[in-house]
Amino acid sequence: MIPLAFASENSLVRIVEVRAGQGLTRKLAELGLTQGSTLRVVKSLSPGPVVIEVVNSSGYTDAWRVMLGFGIAMKIFVENRG
Amino acid sequence: MERRALQPVVKELRVAIAGNPNVGKSTLFNELTGGRAWVGNWPGVTVEKKVGRIRVDGRYLEIVDLPGIYGLTAYGVDELIARNFIVEENPDVVVNIVNAANLERNLYLTVSLIEMGANVVVCLNMVDLAADQGYEVNSEKLSQMLGVPVIPTIAVEGRGIEELKKAIVEAAERKEKPASLVNYGSKVESEIGRLSRIVEKDLELARKYNSRWVAIKLLEGDSDVEDKIKLSPLSREILSQAAEAREKLESSLGRDVESYIVEKRYEFVSQLVEKCVGVLARKPITLTDMVDYVVTHKVFGIPIMLTALYVAFKFAFDVAAPLCDLIDWFFSCFLYDLAATIPGLAGSLLADGIITGVGSILVFVPNLAFIFLFLALLEDVGYMARAAFVVDKIMHKLHLTGKSLLPLILGFGCNLPGIIATRAIEDENDRKTTALVCPLISCSARLPVYLVIAGALFSAYVAGVVWSMYILGVIFALIMATLLRKLLFKGPSSGFIMELPPYMKPMLKSVGIKTWERLKRFLFKAGTIIFAGVVVVWLLSITGPSGYLGVEALEEATLLEQSWIGIIGHGLEKIFTPMGWGWQASAALFFGFIAKEIVVGSMAVLFGVSEEGLIGAVSGAFTPLTAYAYMAFVLLYLPCLATLAIIRGELGLKYALFTAAYEFILAYFVAFLIVSIGTLLGLGG
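Line by line, the protein sequences are chains A and B. FYI, the numbering used here numbers position 77 of the first sequence as 90, with every residue one higher than the one before it. FYI, the numbering used here numbers position 232 of the second sequence as 246, with every residue one higher than the one before it.
Misleading hints may appear alongside valid ones.
[What the hints assert, rightly or not] Pairs of lysine-lysine, PhoX-like flavour, derived with a Cα cap of 25 Å:
1. Lys312/B x Lys407/B
2. Lys63/B x Lys407/B
3. Lys278/B x Lys155/B
4. Lys278/B x Lys88/A
5. Lys262/B x Lys244/B
6. Lys312/B x Lys88/A
7. Lys180/B x Lys25/B
8. Lys289/B x Lys63/B
9. Lys407/B x Lys262/B
10. Lys407/B x Lys88/A
11. Lys63/B x Lys534/B
12. Lys407/B x Lys64/B
13. Lys201/B x Lys180/B
14. Lys25/B x Lys64/B
15. Lys528/B x Lys328/B
16. Lys88/A x Lys504/B
17. Lys88/A x Lys411/B
18. Lys528/B x Lys88/A
Just so you know, the hints here were simulated from the structure itself, not pulled from any lab data.
Working from the sequences, and respecting the hints, build out all of it.
This is the structure we're talking about:
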């Protein structure tokens, strides 16, 4: 388990835990970033801010990309999925 | 409500536009209203509110543009505004604009809106872009599954707008609202049913809100909805039942209810997308990907950003230079000479006060216009979002985020729009810190001061010396930011979440509007505060303790020495004794408080020379060391009057005074240090 800020570029990761306050956790959940969701790390200044895409269970990837600042990327813990 | 009852003939329909950021909301708003809008702020916050009025089929529509949002959690100010507007103001129709190319993300909001009980019309925008990316959306199917009208549009080309207007008017007539969309599973549904029946017992609550929505929000533990419930006479019962239900569900689901509900909603959205979106082709590698590979590169990202900004600034200054000269000539020759022909006091006020003072500010307008234009272009194309990403890592170390970048860069043009741009920073502490250090960034008004003084004393090294001032400004801004964030605005940053939009062709209109909005603030201040300031300075120059000195004081240094300004100058000289600045240079600093570029003009007056003769006078009055300290002091010492006024307006008087105080102390300290260290090193001579 590593913070998202350390994930390498182009890797697929799954969120294991979000260690943040209620407000931020909820906001991230609404963006589809919650425990169990799979992300593709499009860009990473590892360790640093990341750009991610959310991969849905159907394998359909949104064309939507979001960047998370270093601070937030340190609060999301992920495990590598290849 | 009463107002409508009194005017039964023309019932105005109230329409709100809601949608995620970057889906073409402003474009849609402009297309619907024809660009005529009333712009104000939402009550109590500095978030912009736009309202427009149109007529469709004999009906009047009032259209309100809500802030861009992803959900309705009431996490940020934007979400709270949008949600409260829909819940409390209960608009007749909510137009939910969604980006056809990012359907899954966008439909989450749609489902939340419908769940809330809003009368939704979906505007399926950018269908062309979706097709380009290989997706095709079946809008009829989507409409059927959501139970609301879905109108495909291409807002930038104005396509589908007439159909949308018609759908809005039709929807307003619609009586029945779509049934509940998302099924949360039997356990949760039974609790929702039970809670909503309790909520309905309070008729006032039932009239105002959708009881199912209230029940769901209570299960999610939404504190804002809980606050609304607290006003009800039944609040005790409702809240205790909700807490009980939450506890019960938590143990039977084995996890927290909130994330379970969000997940169920997402599941529903996933099904929608699966059934309504056809994938035509694999997503190709886009131009955006290729450009992003380079500009957000780990190593090259920052050099590329610096180069892009340097080129933008350089180009802006070069293009603007002849225009600046023209304006300068217009004010300092044409208008000045014209006003000087008016005899007596009025002529002097006009020529020496207003035209010289305001003119010296307006000279910068072309510079600023071009800087703002280039920055607006970079923003609109989508580059500034990448730049924010690239600097986030450094900013994080300074306890800020990438969002602080744009305000600070705008600050190089003029500190005013920079401070206003801090509104986009959600985190209150980050925002205040950025706004308070922005005045340390060397704005274009300080450049003429550097040029004259460096020109007089560092003839061979002018460029290097001037450059060092800019660097000094950035360094002190970053140091102060870290200090403020650590000592005054403590606590972790709520961080930085920002959508990375694909690169877009810049829209002339939106670039124009952004540029003008920023320039307008500057012009407004030049016309009000600076105008008033120069009149005061002029008055203080022609009067003194002995009474009226006459307008000749402005031409004669010996007479000027007896004016209030002379007294102030001599007073300041004592404060600045360690730095060895004469009374003229000290008094000029006082003028510089009105606007920093006035330092040059007032030195000319105080030394009793023309601006051309100034170089000679300055080189006699300073040594290279004291001159360098003086330049650093001008960079740091006080935000100009207009900047202070903006800080007061944005953050309050307390922060304006604080900024003035800390900057003065910092500047004095730095100037003192430069002179002391320089003297120790034997550079004093």
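Here's how the hints hold up against the structure:
no., hint, in the structure
1, Lys312/B x Lys407/B, "11 Å, holds"
2, Lys63/B x Lys407/B, "33 Å, violated"
3, Lys278/B x Lys155/B, "21 Å, holds"
4, Lys278/B x Lys88/A, "24 Å, holds"
5, Lys262/B x Lys244/B, "22 Å, holds"
6, Lys312/B x Lys88/A, "21 Å, holds"
7, Lys180/B x Lys25/B, "16 Å, holds"
8, Lys289/B x Lys63/B, "36 Å, violated"
9, Lys407/B x Lys262/B, "43 Å, violated"
10, Lys407/B x Lys88/A, "15 Å, holds"
11, Lys63/B x Lys534/B, "18 Å, holds"
12, Lys407/B x Lys64/B, "35 Å, violated"
13, Lys201/B x Lys180/B, "41 Å, violated"
14, Lys25/B x Lys64/B, "21 Å, holds"
15, Lys528/B x Lys328/B, "20 Å, holds"
16, Lys88/A x Lys504/B, "18 Å, holds"
17, Lys88/A x Lys411/B, "16 Å, holds"
18, Lys528/B x Lys88/A, "35 Å, violated"
The structure shown violates the earlier hints numbered 2, 8, 9, 12, 13 and 18.
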